[in-house]
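Student: Modelling step: build the complete structure from the supplied sequences, incorporating the hints.
Residue numbers (the numbering used here), protein chains in the order written: chain A, 1 to 270; chain B, 1 to 270; chain C, 1 to 270; chain D, 1 to 270.
It should be emphasised that the hints constitute simulated quantities derived from the structure, not laboratory data.
Among the hints, a few may not be true.
Where chains are identical, the list cannot tell them apart; a pair therefore holds if satisfied intra-copy or between any two copies.
Stated by the list, open to error - Derived EDC-like pairs (lysine to aspartate or glutamate); straight-line CA-CA distance at most 16 Å: (1) Lys236 - Glu250; (2) Lys266 - Glu84; (3) Lys107 - Asp241; (4) Lys40 - Asp68; (5) Lys236 - Asp68; (6) Lys266 - Glu54; (7) Lys265 - Glu54.
Fair warning: this is a prediction, and the values are worked out from it, not measured in the lab.
Chain by chain, the residues:
Number of protein chains: 4
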Amino acid sequence: MTHKTLVLLVAAAGLLATAPSPSPAQPAGKPAAPANPKAKAIADVVAANHILAELGVVDGFGHVSIRDPTDPNKFFLARSMAPELVTTADVLEHDLDGNTTAPADTKLYLERFIHAEIYRARPDVNGIVHCHAPSLIPFGAIGIPLKPLYHMSSFLGPGVPVFEIHKAANASTDMLVKTPELGKALAKTLGAHPAALMRGHGAVIVGRDVQTAVFRAVYTEMNAKLQSQAMALGGKITYLDADEAKKSEETNSALVGRSWELWLKKVRDK
Amino acid sequence: MTHKTLVLLVAAAGLLATAPSPSPAQPAGKPAAPANPKAKAIADVVAANHILAELGVVDGFGHVSIRDPTDPNKFFLARSMAPELVTTADVLEHDLDGNTTAPADTKLYLERFIHAEIYRARPDVNGIVHCHAPSLIPFGAIGIPLKPLYHMSSFLGPGVPVFEIHKAANASTDMLVKTPELGKALAKTLGAHPAALMRGHGAVIVGRDVQTAVFRAVYTEMNAKLQSQAMALGGKITYLDADEAKKSEETNSALVGRSWELWLKKVRDK
Amino acid sequence: MTHKTLVLLVAAAGLLATAPSPSPAQPAGKPAAPANPKAKAIADVVAANHILAELGVVDGFGHVSIRDPTDPNKFFLARSMAPELVTTADVLEHDLDGNTTAPADTKLYLERFIHAEIYRARPDVNGIVHCHAPSLIPFGAIGIPLKPLYHMSSFLGPGVPVFEIHKAANASTDMLVKTPELGKALAKTLGAHPAALMRGHGAVIVGRDVQTAVFRAVYTEMNAKLQSQAMALGGKITYLDADEAKKSEETNSALVGRSWELWLKKVRDK
Amino acid sequence: MTHKTLVLLVAAAGLLATAPSPSPAQPAGKPAAPANPKAKAIADVVAANHILAELGVVDGFGHVSIRDPTDPNKFFLARSMAPELVTTADVLEHDLDGNTTAPADTKLYLERFIHAEIYRARPDVNGIVHCHAPSLIPFGAIGIPLKPLYHMSSFLGPGVPVFEIHKAANASTDMLVKTPELGKALAKTLGAHPAALMRGHGAVIVGRDVQTAVFRAVYTEMNAKLQSQAMALGGKITYLDADEAKKSEETNSALVGRSWELWLKKVRDK
Chain A
1 MTHKTLVLLV AAAGLLATAP SPSPAQPAGK PAAPANPKAK AIADVVAANH
51 ILAELGVVDG FGHVSIRDPT DPNKFFLARS MAPELVTTAD VLEHDLDGNT
101 TAPADTKLYL ERFIHAEIYR ARPDVNGIVH CHAPSLIPFG AIGIPLKPLY
151 HMSSFLGPGV PVFEIHKAAN ASTDMLVKTP ELGKALAKTL GAHPAALMRG
201 HGAVIVGRDV QTAVFRAVYT EMNAKLQSQA MALGGKITYL DADEAKKSEE
251 TNSALVGRSW ELWLKKVRDK
Chain B
1 MTHKTLVLLV AAAGLLATAP SPSPAQPAGK PAAPANPKAK AIADVVAANH
51 ILAELGVVDG FGHVSIRDPT DPNKFFLARS MAPELVTTAD VLEHDLDGNT
101 TAPADTKLYL ERFIHAEIYR ARPDVNGIVH CHAPSLIPFG AIGIPLKPLY
151 HMSSFLGPGV PVFEIHKAAN ASTDMLVKTP ELGKALAKTL GAHPAALMRG
201 HGAVIVGRDV QTAVFRAVYT EMNAKLQSQA MALGGKITYL DADEAKKSEE
251 TNSALVGRSW ELWLKKVRDK
Chain C
1 MTHKTLVLLV AAAGLLATAP SPSPAQPAGK PAAPANPKAK AIADVVAANH
51 ILAELGVVDG FGHVSIRDPT DPNKFFLARS MAPELVTTAD VLEHDLDGNT
101 TAPADTKLYL ERFIHAEIYR ARPDVNGIVH CHAPSLIPFG AIGIPLKPLY
151 HMSSFLGPGV PVFEIHKAAN ASTDMLVKTP ELGKALAKTL GAHPAALMRG
201 HGAVIVGRDV QTAVFRAVYT EMNAKLQSQA MALGGKITYL DADEAKKSEE
251 TNSALVGRSW ELWLKKVRDK
Chain D
1 MTHKTLVLLV AAAGLLATAP SPSPAQPAGK PAAPANPKAK AIADVVAANH
51 ILAELGVVDG FGHVSIRDPT DPNKFFLARS MAPELVTTAD VLEHDLDGNT
101 TAPADTKLYL ERFIHAEIYR ARPDVNGIVH CHAPSLIPFG AIGIPLKPLY
151 HMSSFLGPGV PVFEIHKAAN ASTDMLVKTP ELGKALAKTL GAHPAALMRG
201 HGAVIVGRDV QTAVFRAVYT EMNAKLQSQA MALGGKITYL DADEAKKSEE
251 TNSALVGRSW ELWLKKVRDK
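Tutor: Spelled out as structure tokens, the structure:
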């Protein structure tokens, strides 16, 4: 069994267990098989990196994190590298100030503060994707709101705010959210939404778990693509109304695992 | 020989036999090789799942069914899962009320009533595809009719009605056709047409057999893509006229097997 | 060595020999290694089928032929089947009336008269592609001429006529060129051009050899795609002028082999 | 270890060494392991060819070169062939007049003067890509400037001039830059920019090293695609302002290696 297969099996196992299993009472003389939620979280975030690369949501850039299930003030994120190449050995535990205990010469993502500050501001969020997915870039650069065109993207019902870094920094920047202050400003723009566009840059998408964040990243990108095509047709577009979006999202939230299972297979079979 | 190869060989064999062969009289002492139309139907529906995934008509969602060739009040449909992962063991016989004899904890597609009610309303239909194929979504959200741009989609000649679930339910819904009543309403919108768009959701496409339903799903999607491109060019579009569409469809209906043979090879070679 | 590899090696060899080598005088007692231009032509047309499928110019439909290098009144074309699946055993010699010596139950392409009548009308043509390449369909349905946007499609300089089958047949048809009369009408529309669009259907593209016909099919499709994108930008488009197109085509005609070599490798490596 | 793997390992090693290592003093009696910057440069240019083909920036046409790190008046470029097929044995050293020491019957790229004259005019440039990347062609044919829509293409901040060969030659041409004079004219249009479009033809993109030239070619193409989509949406587009583009480019220039590492893996794994 290869290392990659093993990681994916653990990731798949993690999917089945929706909450960390507490260790049951053990018969004397037999060591407990440790329920290891950290190992599961790391395997999940490695799989999430590979899935996002496979589906074209990230290329050499972009990153995805998962909150430490055993400590809400920590999260797992790879060192600075292309998502497709991330292995368990590359995943580092970060605190909410963006620090790690890795050797000082380890290159960290310049924008780890996106993750740190959103985890700080949003206790309901346990998975975060940052990406430059192509179809999202035009919407971030134009004053046209992204709205749910079909039920797969019904989570967009509450709207998608746009983060304007020039305003947040009150100056021209290199466009990167590379300080805690900019991270806080992005988290404030995001508010309680599932996603925010970042003008001239990309997007951040969050979920109650990393599977949901990945699912939403995929379908935010798809909705942007389809909305562009619908707008080009020139007719009046009927989006999901607020009530439809809410009801659909309630139903869909139970179906995220179906996509995750499929996508795990795709990256495992490569 | 792998299980997958075996399934596909059976599917291919099923293609050659356009009708279930009755068991011929057997020489004494030699058991008949059972002509097994049910096994062929199940192999065909497994192949149809894989083909639709391979061609991007479905992703983690969408489903395809085949009417039981031995009992018109039953149909074969997978349990609730991603089409690409369906195997023969996942295919369940459903009745026209959407019930199966699977164990009570088996997750069924919430929208199996799409299939049940169309099979009930349309005795001429023996295969049904439900999908969220990307190019179809914009047309379902806009008042612009889908029309046949070329002979490959001439089956669209009679037009493609749009199902408005809000009107059918007389209320906002979660967008899913998950009751017999909504299934009946969709079947009524479909009428005698080969396909119907579902606003904010996707489409349903039917055929006299599952090969035809798959063929039509592929070329309905392609026609939507090409019609979008033609409309963007800005000139006056000449669609197939009603007579051309009818004559072309008569010719094409004899050629469906050519695509099926190709697509079977593509999924077998993966 | 697999059969497929062998066919492709022969096809590659055929590329190096730009003209059939006449058998040289042989030393007594030693049989000539037959220079076999027919076998080379068949290998070339098999490779052309696979290349067009690999590049998405054809799907389950479309066909490609080569004139018999030993008899200008004959051409090689597969029996009726998906191009990707064609092998040497499927290639049949057709005469200019569309007849073959294959057994009577062999299914032939309904539209073999496209090839027959163009070979009859155009002695300069030795390879013909008929396809439904997606980007070409919108241009065939609209009164907007296809024009060369860049040097790779400079062969389009003389323009691309559109075949209107309704006018040719003086009636609605099933859209297929399935009689000698319709083939002659298409050949008349094509005239001396390298390509003609067929309204509601596809296109026919020709060349002095099958490599050139394939090259032109690929870049006619690409030009249509790029011209659509340029038109959507809304500015004034500068196409190649007539003199540029002519000079560029003279240069490019010597470079066709470079693409063929690459494409052969792609289908061989699959 | 295959030849291909070896080449890619050398290319990867070349990435780590940002400058040619001078041979250190060697212990007596032990031959130096030659630091071989030429071999590294050749491996890099072979990898660049494969990467550009893999990413669709080049097809059968287009080429990429690297300046000889040991002689600024020389550069490495393949003989005339499809980029995907280039091996180390195909790479030839060219001088700034476009000459090589290869046998007289070796076919050289007709447009090697693009490289020669840009290396002559731009001492800061050590890698050059010439391509016909699809999304760039419409912009080259229209008077609409390409501008950076997001930070990944911030290097486009100084603008992208368009080379009009008709004006440069004061006549219609075959569109190819196949003389030193046309090469000089193109270099003059390029000026100090990172890229220039070539009307009716393609583009040239340069960098301080071949990794940067490849990175810029990929993201120039991506920016053109995204800018087309943004323009189709019809709103007012906010591009990166000059200061943002400058700051972003300074940051990004340190991150080029991350993409190169990913892309090397993609071509190695094929």
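Student: Now tell me, hint by hint, if it's right for this structure.
Tutor: Evaluated hints:
| no. | hint | result |
| --- | --- | --- |
| 1 | Lys236 - Glu250 | neither (27 Å within a copy, 35 Å between copies) |
| 2 | Lys266 - Glu84 | both (13 Å within a copy, 10 Å between copies) |
| 3 | Lys107 - Asp241 | neither (45 Å within a copy, 29 Å between copies) |
| 4 | Lys40 - Asp68 | within (10 Å within a copy, 43 Å between copies) |
| 5 | Lys236 - Asp68 | neither (45 Å within a copy, 42 Å between copies) |
| 6 | Lys266 - Glu54 | both (8 Å within a copy, 12 Å between copies) |
| 7 | Lys265 - Glu54 | both (11 Å within a copy, 14 Å between copies) |
Going down the numbered hints, you'll see the structure goes against 1, 3 and 5, while the others check out.
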